[in-house]
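Let chain A serve as the given structure and place chain B on it in line with the hints.
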Amino acid sequence: MRLKAAGVKLGYGERLVVDGLDLGIEAGTVTTIIGPNGCGKSTLLRALGRLLKPQGGEVLLDGKRIDRIPTREVAKILGVLPQAPTAPEGLTVADLVARGRHPHQTWYRHWSSDDEGAVASALDMTGLADLAERPLDELSGGQRQRAWISMALAQGTDLLLLDEPTTFLDLAHQVEVLELVRHLHRQAGRTVVMVLHDLNLAARYADRLVAMRAGKVIAAGTPHEVLTEELLREVFDLDAKVIEDPVAGTPLVVPIGPRSHSAAPPA
Amino acid sequence: MSATAVAPRLHGLGPRRITVLLALVAAVLAAIVLSITIGSKSVPLPDVWHALTAPTGTENDIVIRSLRLPRTALGVLAGVALGVAGALMQGHTRNPLADPGLLGVTQGAAFAMVSSIILLGASSLLAYIWFGLAGALVASVAVFALGMVGGRGGPTPVTLALAGTAVSALLYALTSAIVLLDEQAMDVFRFWQAGSIAARGADVVWQVLPFILAGLVLAMLNAPGLNALSLGEDVARSLGQNIPRTRAVGVAAVTLLSGAAVAACGSLAFVGLIVPHLARSLSGTDHRWLLPYSGLVGAALLLLADVIGRVVAPPGELEVGVVLALLGAPFFVALVRRRKPVRL
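Chains as they are written, first to last, in numbering that gives the first Met the number 0: chain A, 0 to 266; chain B, 0 to 343.
Among the hints, a few may not be true.
Now the stretches of chain B that chain A is said to cover, found in silico as 3 or more residues with beta-carbon under 8 Å [as the list claims (entries may be wrong)]: (1) 216–226; (2) 234–247.
Partner residues are not named here, just some residues of chain B that face chain A (Cβ under 8 Å, in silico) [to be verified]: (3) G231; (4) L281; (5) G283.
By construction, these hints were calculated from the structure, which means they are not laboratory data. Quick reminder that beta carbons are idealized off the backbone N, C-alpha and C, glycines included.
This is chain A alone, in the form it adopts within the complex (with noise of 0.2 Å):
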């Protein structure tokens, strides 16, 4: 077990959005959240990357509590991706690309070949290197993605945690960041975490879905288990035929409408 949620409770101020919840999440799988927004899937995932103390009950990296370990020494291990970052204008694609090095410099050791090496692989691997140069507000918005997913890659962290890595995007760009993510799953077993609102994307590219309302996690295992009909209509109130996506053989979902009779309270 990579990362381990237990019993946490979490919330802004004196509102909980998340009241003692379970997770754990399994070296070298992806695993996406799902769920209706405010549902506390954002929330969960700062918590995993330690971006949110905890009001009560404890996060584990590799076994350890993860507000014990140093931040620095974190940021070694697990590379977090905010929900539609900003960045200063004018920055390039290189410079930001080099940020991700930060946890591996010191003041008086500041740009070492490893650092050159991190940088250079990951503009390649997101197929960035003849953008390097050009300033960031000057992409599309998938480059953008692509960028800010290239810094989190040079930060040389074999666990990732996506926030969203899809919104405001068009399709085509939303399967290119995926494929760019089932890339580095594949190619160095890199363990994923990450929220979609996508659910066909969301069970295309996951090994497991998490399942989350209200807080709280309702159903966790590969998409086939969770994708259910009776599922969306407990977490999303959602009326749907679940039938077999004809090119990847995963569950996909086609909506007929909100929940008609509803024998629970409405959300």
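Using the frame of chain A, we list chain B on its own:
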């Protein structure tokens, strides 16, 4: 593009950056020469050289050594301090319109100065400056502490700005009340508020020097952290940056730098606001270069503004604070009106 072609830029030590640095140093040296030679009393260059190398107590020797040298040294120190403090402030708040005054140092210094006059009977420039410095430090510690109230994990740029505004407004009101009651306090306050580097002796320079040096060391230690913070707090944290500590070091540096400058020279509007923008257009977003560039641009700008103030209204002089405001206001309007606001 091959990795090797990218390499020099990634090192952050491109030859261009060194060239710009040397050019800025040359600009500061040129401004120093102008500041020593130009003034209401014109001193021929050979006499300047004479005064600097082998003074014999002539009138020109005295003008150069006891008036122009300290004035120039203070201009360099204040310019460096305010330029660097402005760049730190804009970096920490990620706000292109932020200025070191946000931390309440200006009003803190003013309040402590006028209080020292009416309560303790302070009457020397050195005493005013010690009190001003203490007031600036106390005010910014108060702002920092207030900014932490309610937020966990240290103050945020927003809570700092709110606390700074509140503390500054309170101190300003108290200062106004005092100067209305006390004529001597009013006189000191008036001249201090205009902002000037003139008529301060070498002792003032030595007085503020250690604070500014300490502030500069903290500022440079803060540079890598600011680079991480410029990608947002979440990204900075995920890159392993300790955010509360980075903020505390930054606030300490801004306080020392701008507190010392403001206590010695009064409020010098716009330096901390404009200089980082000029420097950023030369350095890009890397704070390891932006901070030294800002210091050098600040020194050159402050000295040049002071020299302009000496020659535009003969036989009198215009305070450097007034010249800076006259030059700075149009620049500020242009900055605000820019179609695409600078995002930090």
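Hint check:
Chain A is given as covering the region 216–226 of chain B, and this holds because 3 residues of the stretch bring a CB closer than 8 Å to a CB of that chain, at least three being needed. Evaluation of the coverage hint for the region 234–247 of chain B: fulfilled, as 7 residues show C-beta separations to chain A shorter than 8 Å, against a requirement of three. Given hint, G231/B at the interface with chain A, holds; its Cβ is 5 Å from that chain's nearest Cβ, closer than 8 Å. For the restraint placing L281/B at the interface with chain A, the shortest Cβ-Cβ distance is roughly 12 Å, beyond the 8 Å limit, so the hint is violated.
Because the smallest distance between the Cβ of G283/B and any Cβ of chain A comes to about 6 Å, under 8 Å, the interface hint for this residue holds.
Of the numbered hints listed earlier, the single one contradicted by the structure is hint 4.
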